[in-house]
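With chain X held as given, fit chain A onto it using these hints.
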Amino acid sequence: MTQYLIAMYQPDGVVPPPEVLGPIMEKLEAFNADLRAADALVFSNGLTDAASATVIRHNGHDVMVTDGPYAEGKEHLGGFEIVEAPDLDGALTWARRLAETTGLPIEVRAFAEAPGAAGQA
Amino acid sequence: MNPSDAVTAVFREEYGRAVSVVLRTTQDLGLAEEAVQEAFAVAAERWTSEGLPEHPGAWIITAARRRAVDRFRREAARGGKEAEAALLRQSDSEAPDAFGDDRLKLLFVCCHPALAAQARIALALKVLGGLTTTQIASAFLVSEATMAQRISRAKSKIRDSRIPYRVPSSGELPERLAAVLAVVYLIYNEGYSADLGTQADRAGLCMEAVRLARIISKLLPDEPESDGLLALMLLSESRHRARSGPGGSLVPLAEQDRSKWDEALISEGLALVQRCLRRGQLGPYQLQAAIQAVHSVAPSAAATDWRRIVRLYDALATLTPGPVVELNRAVALAEVEGPAAALSVVDGLGLTGYHAFHAVRGDLLRRLGRRDEATEEYAEAVLVAPSPGERAFLQSRLGDLRSPRSEHGNERS
Numbered sequence: 473m474t475q476y477l478i479a480m481y482q483p484d485g486v487v488p489p490p491e492v493l494g495p496i497m498e499k500l501e502a503f504n505a506d507l508r509a510a511d512a513l514v515f516s517n518g519l520t521d522a523a524s525a526t527v528i529r530h531n532g533h534d535v536m537v538t539d540g541p542y543a544e545g546k547e548h549l550g551g552f553e554i555v556e557a558p559d560l561d562g563a564l565t566w567a568r569r570l571a572e573t574t575g576l577p578i579e580v581r582a583f584a585e586a587p588g589a590a591g592q593a
Numbered sequence: 002m003n004p005s006d007a008v009t010a011v012f013r014e015e016y017g018r019a020v021s022v023v024l025r026t027t028q029d030l031g032l033a034e035e036a037v038q039e040a041f042a043v044a045a046e047r048w049t050s051e052g053l054p055e056h057p058g059a060w061i062i063t064a065a066r067r068r069a070v071d072r073f074r075r076e077a078a079r080g081g082k083e084a085e086a087a088l089l090r091q092s093d094s095e096a097p098d099a100f101g102d103d104r105l106k107l108l109f110v111c112c113h114p115a116l117a118a119q120a121r122i123a124l125a126l127k128v129l130g131g132l133t134t135t136q137i138a139s140a141f142l143v144s145e146a147t148m149a150q151r152i153s154r155a156k157s158k159i160r161d162s163r164i165p166y167r168v169p170s171s172g173e174l175p176e177r178l179a180a181v182l183a184v185v186y187l188i189y190n191e192g193y194s195a196d197l198g199t200q201a202d203r204a205g206l207c208m209e210a211v212r213l214a215r216i217i218s219k220l221l222p223d224e225p226e227s228d229g230l231l232a233l234m235l236l237s238e239s240r241h242r243a244r245s246g247p248g249g250s251l252v253p254l255a256e257q258d259r260s261k262w263d264e265a266l267i268s269e270g271l272a273l274v275q276r277c278l279r280r281g282q283l284g285p286y287q288l289q290a291a292i293q294a295v296h297s298v299a300p301s302a303a304a305t306d307w308r309r310i311v312r313l314y315d316a317l318a319t320l321t322p323g324p325v326v327e328l329n330r331a332v333a334l335a336e337v338e339g340p341a342a343a344l345s346v347v348d349g350l351g352l353t354g355y356h357a358f359h360a361v362r363g364d365l366l367r368r369l370g371r372r373d374e375a376t377e378e379y380a381e382a383v384l385v386a387p388s389p390g391e392r393a394f395l396q397s398r399l400g401d402l403r404s405p406r407s408e409h410g411n412e413r414s
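Sequence lines, in order, name chains X and A. Mapping of the first sequence onto the working numbering: residues 473 to 593, in sequence order. Mapping of the second sequence onto the working numbering: residues 2 to 414, in sequence order.
Keep in mind the hints are simulated off the structure, nothing from the lab. On a predicted model such as this, the values are computed, not experimentally measured, just so you know. One thing to keep in mind: the hints can contain errors.
[Said to hold, decoys possible] Some but not every residue of chain X turned toward chain A, in silico, with C-beta under 7 angstroms:
hint: 1; residue: 474
hint: 2; residue: 559
hint: 3; residue: 560
hint: 4; residue: 561
hint: 5; residue: 582
[Unchecked claim] The calculated label-pair distances, taken between Cβ atoms and stated as ranges, are:
hint: 6; chain 1: A; residue 1: 157; chain 2: X; residue 2: 571; range: 21 to 29 angstroms
hint: 7; chain 1: X; residue 1: 576; chain 2: A; residue 2: 179; range: 24 to 32 angstroms
hint: 8; chain 1: A; residue 1: 58; chain 2: X; residue 2: 541; range: 33 to 41 angstroms
hint: 9; chain 1: A; residue 1: 351; chain 2: X; residue 2: 508; range: 47 to 55 angstroms
hint: 10; chain 1: A; residue 1: 173; chain 2: X; residue 2: 506; range: 46 to 54 angstroms
hint: 11; chain 1: A; residue 1: 172; chain 2: X; residue 2: 488; range: 28 to 36 angstroms
hint: 12; chain 1: A; residue 1: 171; chain 2: X; residue 2: 517; range: 34 to 42 angstroms
hint: 13; chain 1: X; residue 1: 541; chain 2: A; residue 2: 63; range: 51 to 59 angstroms
[Said to hold, decoys possible] Just a sample of chain A residues kept apart from chain X, beta carbon distances all over 10 angstroms, derived:
hint: 14; residue: 8
hint: 15; residue: 50
hint: 16; residue: 54
hint: 17; residue: 71
hint: 18; residue: 162
hint: 19; residue: 212
hint: 20; residue: 267
hint: 21; residue: 276
hint: 22; residue: 319
hint: 23; residue: 374
hint: 24; residue: 387
Where is the CB? At the ideal position from N, CA and C, for every residue including glycine.
If we strip away everything but chain X, and leave its shape as in the complex, we get (with noise of 0.2 angstroms):
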């Protein structure tokens, strides 16, 4: 098994309308359901909006804080699935669902390290 980040990127400042959050709000508790019925949810959460982020910098030898976002851009990581799968199609297929439910663009990366192996709970 291998864990996949699965992240949401999302336009800054665009709050979509109550009765259209509305339904992709359930749809996403579904798919949280079904992922932890499969027993391939590790952690999932949603991000509060990229314009309340702060960014530290070590610049040698001061810590600096600094209004976020870091990355500059319209579009921003706006939540994450953490899943577990064999191998890379069985985190696409949970990511494909993820694109259809949101219709935000998701990408998908492979942890390093094996779950359970060093660093890890």
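The following block gives chain A in isolation, referenced to the frame of chain X:
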């Protein structure tokens, strides 16, 4: 064949199979390639002095696998967990490959949609075709360093993101197979467009594409599109010798010496077309092959069943609509309804900048006696022609137009 040529020939023939089989042991493409390359290095020395063994492919696989296992033993002795796991797998992977599908699995890995399109082509040629990075770089007109980086990045991605070594399940198969066939056809087209030029490495791509298509067609006999693609390439290859005129200039289909067409490739292609069409699951490659088949059985351009070709293009346009299909259909339509009808179709296509569009338009205008406009179109086509052979052909058309009186047909060969 001298001994070192014989080793080279075995390399090209057996490399992909050897890598795909050793991959069962190593589960890592880089390690499998290393082991096979080392085995070939030993073989090159030994076979040059002692001659080839009876089954050179099997010899390579055995030697490469032994090397991979030795390496895992050394690593396991130093406490390598992955190596231990690999040795445990070893007993399974010794079992003979009942379905002979190792290369197919590898092909599906190389053509995984998660890999960059250019990387898929390069990887397929490298690990299945046994082409060197230098050859692939030269075929795609990029530096060797760029190509090496492209290939190594793709291999890292396969390893890091765990792209699985397997033939996709039947649910995913149509979509994934389409990606594989697209890669094979792109390889063919790369070679085809260079065929008329001078680069041997690029011409070799056509042969490689046909070889890969044969593997797919043999291992997935229930997929008519793979037969369709193989037939399409075989029928196109059958005209290889007739396609290139003096100085490498392209000879269009209508003007080819049909006695130079390769009968064996034609009959193989025609048999495949009949076999796949009989299944009644039409697809774009099958239809394109069927169109080529109509040309293949025609005694001359004039005696071609153009109505049938127009109907086949109609079917193709339903499956894969687009201006390029319409353009090709218009070429056939000109033979059925005349150049004026075809021109009115072509004019609405908006393919400015595409050399075939200008070439077809130029030809139709010429046949309508609109000489000045035809000259302009051919001049435009020459500017954007992708290969020296096509450029030479278009130049000669342009020359004919500028000098008085000429009669020619024109169609993609």
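Each hint, compared with the structure:
1. With a least beta-carbon distance of about 5 angstroms to chain A, the hint placing residue 474 (chain X) at the interface is held under the 7 angstroms criterion.
2. This hint holds: residue 559 (chain X) has a C-beta 4 angstroms from the nearest C-beta of chain A, less than the 7 angstroms allowed.
3. Below 7 angstroms, beta-carbon pairs count as interface contacts, and residue 560 (chain X) has one with chain A at about 5 angstroms; its hint therefore holds.
4. The closest approach between the C-beta of residue 561 (chain X) and any C-beta of chain A is roughly 6 angstroms, which is under the 7 angstroms cut-off, so the hint is satisfied.
5. Given hint, residue 582 (chain X) at the interface with chain A, holds; its Cβ is 5 angstroms from that chain's nearest Cβ, closer than 7 angstroms.
6. For the pair residue 157 (chain A) and residue 571 (chain X), the supplied restraint of 21 to 29 angstroms holds, since their beta-carbon distance comes to about 25 angstroms.
7. Distance hint check for residue 576 (chain X) and residue 179 (chain A): the Cβ-Cβ separation is about 26 angstroms, which falls inside the suggested range of 24 to 32 angstroms.
8. Separated by about 56 angstroms at the C-beta atoms, residue 58 (chain A) and residue 541 (chain X) break the suggested range of 33 to 41 angstroms.
9. Separated by about 51 angstroms at the C-beta atoms, residue 351 (chain A) and residue 508 (chain X) satisfy the suggested range of 47 to 55 angstroms.
10. Between residue 173 (chain A) and residue 506 (chain X) the beta carbon distance is about 19 angstroms. The supplied range of 46 to 54 angstroms is therefore violated.
11. Checked against the hint of 28 to 36 angstroms, the pair residue 172 (chain A) and residue 488 (chain X) passes, with Cβ atoms roughly 32 angstroms apart.
12. For residue 171 (chain A) paired with residue 517 (chain X), a C-beta distance near 36 angstroms keeps the hint of 34 to 42 angstroms intact.
13. Distance hint for residue 541 (chain X) and residue 63 (chain A): a CB-CB separation of about 56 angstroms, consistent with the stated range 51 to 59 angstroms.
14. The Cβ of residue 8 (chain A) sits about 36 angstroms from the closest Cβ of chain X, beyond the 10 angstroms cut-off, so the non-interface label holds.
15. No Cβ of chain X comes within 10 angstroms of the Cβ of residue 50 (chain A); the nearest lies about 44 angstroms off, and the non-interface call holds.
16. At the 10 angstroms boundary, the C-beta of residue 54 (chain A) stays outside the reach of chain X, the nearest C-beta of that chain being 37 angstroms off.
17. The Cβ of residue 71 (chain A) sits about 25 angstroms from the closest Cβ of chain X, beyond the 10 angstroms cut-off, so the non-interface label holds.
18. Not every CB of chain X is more than 10 angstroms from the CB of residue 162 (chain A) (nearest about 5 angstroms), against its label as outside the interface.
19. Even its closest Cβ contact with chain X, about 27 angstroms, leaves residue 212 (chain A) beyond 10 angstroms, as expected for a residue assigned away from the interface.
20. Annotated as non-interface, residue 267 (chain A) keeps its C-beta farther than 10 angstroms from every C-beta of chain X; the closest such distance is 40 angstroms.
21. With a cut of 10 angstroms on Cβ distances, residue 276 (chain A) stays outside the contact zone with chain X, its closest approach being about 31 angstroms.
22. Against chain X, the non-interface label of residue 319 (chain A) holds: every CB pair exceeds 10 angstroms, the least being about 27 angstroms.
23. In this structure residue 374 (chain A) is separated from chain X by more than 10 angstroms, as the shortest Cβ-Cβ distance comes to about 46 angstroms.
24. In this structure residue 387 (chain A) is separated from chain X by more than 10 angstroms, as the shortest Cβ-Cβ distance comes to about 33 angstroms.
The earlier numbered hints that this structure contradicts are 8, 10, 18.
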